[in-house]
Amino acid sequence: MIRLPHRDGFYELRPSKIIALAKNYAEHAREMGMEVPEKPIIFLKPPSSLIGPGEPIILPRMSKRVDHEVELAVIMGKKAKRVPKEKAMDYVLGYTILLDITARDLQAEAIERGLPWSIAKGFDTFAPVGPRVVDRRELNIDDLEIGLKVNGKIRQLGRTSQMLFKVPELIEYISSVMTLQPGDIIATGTPPGIGPLRHGDKVEAWIEGIGTVDFEVLREDSILC
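Following the numbering used here, the numbering of the sequence shown begins with 11 at its first residue and continues without gaps.
Honestly, the hints are just simulated from the structure, not real lab data. Just so you know, not all the hints are guaranteed correct.
Unchecked claim - DMTMM-like mimics (lysine to aspartate or glutamate), calculated; alpha carbons at most 20 Å apart, straight line:
no.	residue 1	residue 2
1	Lys74	Asp231
2	Lys159	Asp211
3	Lys74	Glu122
4	Lys33	Glu179
5	Lys49	Glu182
6	Lys89	Glu179
7	Lys176	Glu48
8	Lys212	Asp224
As the list claims (entries may be wrong) - Pairwise CB distance ranges (calculated):
no.	residue 1	residue 2	range
9	Thr222	Asp153	13 to 21 Å
10	Asn161	Gly19	31 to 39 Å
11	Ala118	Gly19	41 to 49 Å
12	Lys176	Arg17	23 to 31 Å
13	Gly124	Leu149	36 to 44 Å
14	Ile233	Asp152	35 to 43 Å
15	Arg169	Lys89	27 to 35 Å
16	Glu65	Gly219	22 to 30 Å
Ideal Cβ positions, reconstructed from N, Cα and C, are used throughout, including at glycine.
When you get a sec, could you build the whole thing from the sequences and use the hints?
If you want it as structure tokens, here you go:
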């Protein structure tokens, strides 16, 4: 459970699932050497991968390349099943920032072998969130700057208007497949500029209107006794 500041004090993030989007920015699809999708591509991250501000991103020993991906996260406020896009935003509680941390080498191996990406996306600490939850009524998400720095240098910079599939479309599509529960998180995809993280890095991610959140990066071996 992660507690983030909210207009009413604090909001406790307890998602039953985290649904993430692959290739929802055309330039990111191209930098990965993949075609731009014709419909949303979704995958799941476990709730156990969530961490909040002040907790470190841990680089697992199993991977030799771990990448950052900054994303707008949509938090569901009501149970949603087969919701049309025209009514989709009525089911949203608010927004925060989520980093879809990815063991890129393990993902590449899984893709090559035709296997799921679960391991590459699912390590503990692979879904950092923060700095707060912004109520959907307080923020228009149609065209916000989204970016990420590592050690003060910009790696990713884009705008939410560049999403291939907008939030109402995503809720309509996902809720036609699986029921969305209150507190569930939809991570809406990342702009181009993904890159590796190393021990000791300082990551700064931001979205206009939500704020900035920072995370330290540590190698797993460095925190084990």
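Exercise. Are the Cα positions of Lys33 and Glu179 separated by 20 Å at most?
Worked result: holds (15 Å)
Exercise. Is Lys159 within 20 Å of Asp211, Cα to Cα?
Worked result: Holds, because 10 Å separates the two Cα atoms, which is no more than 20 Å.
Problem set entry | Lys89 paired with Glu179 [C-alpha distance capped at 20 Å] | holds (16 Å)
Problem set entry | Pairwise hint evaluation, Glu182 against Lys49, where the allowed Cα distance is 20 Å at most | Roughly 12 Å separates the two Cα atoms, so the pair holds.
Exercise. Using the C-beta atoms of Lys176 and Arg17, is the stated range 23 to 31 Å upheld?
Worked result: Given a distance of about 24 Å, which is inside 23 to 31 Å, the answer is holds.
For this session: Would you mind confirming whether the straight-line C-alpha gap from Lys74 to Asp231 stays at or under 20 Å?
Result: Given that 20 Å is the threshold and the Cα spacing comes to 13 Å, the pair holds.
Exercise. Between Lys212 and Asp224, is the straight-line Cα distance small enough, at 20 Å or below?
Worked result: Within the cut-off at roughly 7 Å; holds.
For this session: Look at the Cβ atoms of Asn161 and Gly19 and judge whether their distance stays inside 31 to 39 Å.
Result: Hint holds: Cβ distance 34 Å, inside 31 to 39 Å.
Exercise. Does 35 to 43 Å hold as the CB distance between Ile233 and Asp152, or does it fail?
Worked result: holds (41 Å)
Exercise. Is it true that Glu65 and Gly219 lie within 22 to 30 Å of each other by Cβ?
Worked result: holds (24 Å)
For this session: Could you grab the alpha-carbon distance between Lys74 and Glu122 and see if it respects the 20 Å cut-off?
Result: holds (17 Å)
Exercise. Does the alpha-carbon distance linking Lys176 and Glu48 stay inside the 20 Å limit?
Worked result: Since the Cα atoms of Lys176 and Glu48 sit roughly 13 Å apart, the hinted pair holds (cutoff 20 Å).
This entry satisfies every hint, going by the numbered hints stated previously.
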